[in-house]
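Novice: In order, the protein sequence lines correspond to chains H and Y.
Okay, so the first sequence: first residue is 1 according to my numbering, each after it adds one.
Okay, so the second sequence: first residue is 1 according to my numbering, each after it adds one.
Hints listed in this document are in silico derivations from the structure and should not be mistaken for laboratory results.
For glycine and all other residues, C-beta sits at the position ideal for the given N, C-alpha and C.
Derived pair list, reagent style EDC-like, types lysine to aspartate or glutamate, alpha-carbon separation capped at 20 Å:
#: 1; chain 1: H; residue 1: LYS50; chain 2: Y; residue 2: ASP425
#: 2; chain 1: Y; residue 1: LYS467; chain 2: H; residue 2: GLU113
#: 3; chain 1: H; residue 1: LYS220; chain 2: H; residue 2: ASP12
Taking beta-carbon pairs under 10 Å as the criterion, some of the chain Y residues facing chain H (in silico):
#: 4; residue: SER424
#: 5; residue: LEU428
#: 6; residue: ASN432
#: 7; residue: GLN438
#: 8; residue: GLU440
#: 9; residue: LEU444
#: 10; residue: LYS451
Anything over 10 Å on all C-beta distances counts as not near chain H; from chain Y, calculated:
#: 11; residue: LYS68
#: 12; residue: ASN294
#: 13; residue: ASN321
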Amino acid sequence: MLNIDNLYAKIDKKAILNGLSLKIKPGEVHAIMGPNGSGKSTLANILSGKQGYEISGNVSYENKNLFDLAIEERAHKGLFLAFQYPLEIPGVNTSNFLKTSLNAIRKSNGKKELDALEFLKIVKEKASKLKMDEKFLNRQLNVGFSGGEKKKNEILQMSLIEPKMAILDETDSGLDIDALKIVANGVNTLRNKERSFLIITHYQRLLDYIKPDFVHVLMKGKIAKSGCMELAEELEKVGYEKL
Amino acid sequence: MREKELEKLKEYKYGFSTDIENIKAPKGLNEEVIKFISNIKNEPKWLLDWRLKAYERLKVLKEPDWQKPKYPKIDYQDLYYYSAPKSFKEKPKNLDDLDPKLLETYKKLGIPLQEQKRLNNIAVDAIFDSVSVATTFKEKLTEKGIIFCSISEAIQKHPDLVKRYLGSVIPITDHYFATLNSAVFTDGSFVYIPEGVRCPMELSTYFRINASDTGQFERTLIIADKGSYVSYLEGCTAPIRDENQLHAANVELIALDDAEIKYSTVQNWYPGDKDGKGGIYNFVTKRGLCKGKNSKISWTQVETGSAITWKYPSCILKGDNSSGEFYSIAITNNHQKADTGTKMIHLGKNTKSKIISKGISAGFADNTYRGLVDISRNANNSRNYTQCDSLLIGNKCGAHTVPYIKNKNSFSNIEHEATTSKISDDQLFYCNQRGLNQEEAVSLIVNGFCKEVLQQLPMEFAVEAQKLVGISLEGSVG
Numbered sequence: 001m002l003n004i005d006n007l008y009a010k011i012d013k014k015a016i017l018n019g020l021s022l023k024i025k026p027g028e029v030h031a032i033m034g035p036n037g038s039g040k041s042t043l044a045n046i047l048s049g050k051q052g053y054e055i056s057g058n059v060s061y062e063n064k065n066l067f068d069l070a071i072e073e074r075a076h077k078g079l080f081l082a083f084q085y086p087l088e089i090p091g092v093n094t095s096n097f098l099k100t101s102l103n104a105i106r107k108s109n110g111k112k113e114l115d116a117l118e119f120l121k122i123v124k125e126k127a128s129k130l131k132m133d134e135k136f137l138n139r140q141l142n143v144g145f146s147g148g149e150k151k152k153n154e155i156l157q158m159s160l161i162e163p164k165m166a167i168l169d170e171t172d173s174g175l176d177i178d179a180l181k182i183v184a185n186g187v188n189t190l191r192n193k194e195r196s197f198l199i200i201t202h203y204q205r206l207l208d209y210i211k212p213d214f215v216h217v218l219m220k221g222k223i224a225k226s227g228c229m230e231l232a233e234e235l236e237k238v239g240y241e242k243l
Numbered sequence: 001m002r003e004k005e006l007e008k009l010k011e012y013k014y015g016f017s018t019d020i021e022n023i024k025a026p027k028g029l030n031e032e033v034i035k036f037i038s039n040i041k042n043e044p045k046w047l048l049d050w051r052l053k054a055y056e057r058l059k060v061l062k063e064p065d066w067q068k069p070k071y072p073k074i075d076y077q078d079l080y081y082y083s084a085p086k087s088f089k090e091k092p093k094n095l096d097d098l099d100p101k102l103l104e105t106y107k108k109l110g111i112p113l114q115e116q117k118r119l120n121n122i123a124v125d126a127i128f129d130s131v132s133v134a135t136t137f138k139e140k141l142t143e144k145g146i147i148f149c150s151i152s153e154a155i156q157k158h159p160d161l162v163k164r165y166l167g168s169v170i171p172i173t174d175h176y177f178a179t180l181n182s183a184v185f186t187d188g189s190f191v192y193i194p195e196g197v198r199c200p201m202e203l204s205t206y207f208r209i210n211a212s213d214t215g216q217f218e219r220t221l222i223i224a225d226k227g228s229y230v231s232y233l234e235g236c237t238a239p240i241r242d243e244n245q246l247h248a249a250n251v252e253l254i255a256l257d258d259a260e261i262k263y264s265t266v267q268n269w270y271p272g273d274k275d276g277k278g279g280i281y282n283f284v285t286k287r288g289l290c291k292g293k294n295s296k297i298s299w300t301q302v303e304t305g306s307a308i309t310w311k312y313p314s315c316i317l318k319g320d321n322s323s324g325e326f327y328s329i330a331i332t333n334n335h336q337k338a339d340t341g342t343k344m345i346h347l348g349k350n351t352k353s354k355i356i357s358k359g360i361s362a363g364f365a366d367n368t369y370r371g372l373v374d375i376s377r378n379a380n381n382s383r384n385y386t387q388c389d390s391l392l393i394g395n396k397c398g399a400h401t402v403p404y405i406k407n408k409n410s411f412s413n414i415e416h417e418a419t420t421s422k423i424s425d426d427q428l429f430y431c432n433q434r435g436l437n438q439e440e441a442v443s444l445i446v447n448g449f450c451k452e453v454l455q456q457l458p459m460e461f462a463v464e465a466q467k468l469v470g471i472s473l474e475g476s477v478g
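So that you can see chain H by itself, here it is in the shape it has in the complex:
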């Protein structure tokens, strides 16, 4: 699915990623943990196509060079990023944004665009699964949303778009325990043999609810250690320092 090979990245001449390699196969759930400033969000940004980085190394996505694809093309091909800080767009109705997004992706994949009624039926169903009040659909996109609401909105978008490769950038931070369970549940219902996840997190907490197949520790811009759930548990006990 996703093959990262010896990835280096700099921003303003400051090295952030230093030869990171990672292979994610279809259906696998990988968790990346690491201290502040280790390059976790940079990795998410680069994979989804954010500009401003000086990059070397190779990343292939479904056997194609990821860097040949524009941001929206990556989205069309099933790459999804749940943002750490979802953006506010004043005046844009949330429901309208979700519909425009979903239809842009459907269209690029040769699927029929959904009309307002079809869309509303689907979005209401998905929102209720995430225990989201329908009223938020008529609010301006992320404007005045609480931290938890914004994150749930990201998960809702993920469940609407049904991506092939979902990257969650610290989706768990700032969530109370109930919201955390809802978010984890959102991910778990989407898990299947084809769909892959890359979950970036600070804490083991989220991983209690989403059991990853692999856990990696990112330090100083590269994978310092890889393992299974036990690695996350160990980290929680001893911290990153001892590693």
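With chain H held as given, fit chain Y onto it using these hints.
Specialist: Here is chain Y on its own, set in the frame of chain H:
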């Protein structure tokens, strides 16, 4: 067709011109030309005298020069003041008599003239250069006593109404361009809604400048008698010409007791090319008089075209409890310039006004909101609320807000809010990540920014305006 022209056509889809023989007045501005116009239109003597009086006045007036966008001096002697397709000398009686080329033009513009029954909610009075081509839906309107025709026709058939109201809101002694219009106006729309009648459909005029080197000087007069209601929409396009063309229209609205007029404009004149060559000078005077008590006038404008847009649709709130509204979206891209806003003159007691202005600048464009709120000494308990928001795209464009506020009444209240924001790279990234390309993303964000104004437009046109907002900003990012 030359490649360059093709290229231009891609950018401005209304940029075709129609090859039709025209009757033109001799070039230049003088008494003879005014007499020519009045004569060819078979006007009564009072109107010719009125025009000539305006022309006398014009001789002593100077063009205003306080506006932000500057433009090269216009040679008024080098313009044609009247141009009409030759086949119009005998006025067509119905659509079948029209030159097929004209109908073709309207078809390209997407005006529902030919098939009247299909879009049965909009009555169109189409202006092709200086002559009203055909007025649809006349019968249905006549049933209710509504008069909707070209102003030329109104002058012939309803001279009393025209004489009574023409120039009552914009007098011939007004400013330069308004007075010029009074002297040489050629055609325009006339609407009269009788007492207590609610106009059953949207009335619409579509203006189009076709002939080269012509100024277009329409004159529109809308009168809503006591307790009546009308919603009127004006849309504009023009073909691509390298030279600049002047558009100096006058629009007068009069609302009597308890009457309401809603006037919406979607202006998409040719804006000039990417380097700022050509395009329309849109110097228009629009003024509404809330003459009666409890009357209401609402202006909504979506301005996306023209090289320079310079206009201030205004409301004079004379009747007690009357109210005025102004909703505006002004989009400027490339080298376009806009200096637009409104004037709300509160004269009566308990008068209310509301101004919502959204300015969007991209490329090298410059966008100014200029507005006057004037509450006179006797206008007790009057209120104004103004909100001016500017959105910048890129870092070479400009946005300015120039509010003039005069409150001479201590029982009245004026509120003014203004914001300036920029589309951030992060917002675009977020939209891109959700599958929208750059243009779709900009269009979505800008439409969100303009929503309060777009909501004011009649349904059919709101959709059109939304698309237009997207089209006018194409290529503004990245």
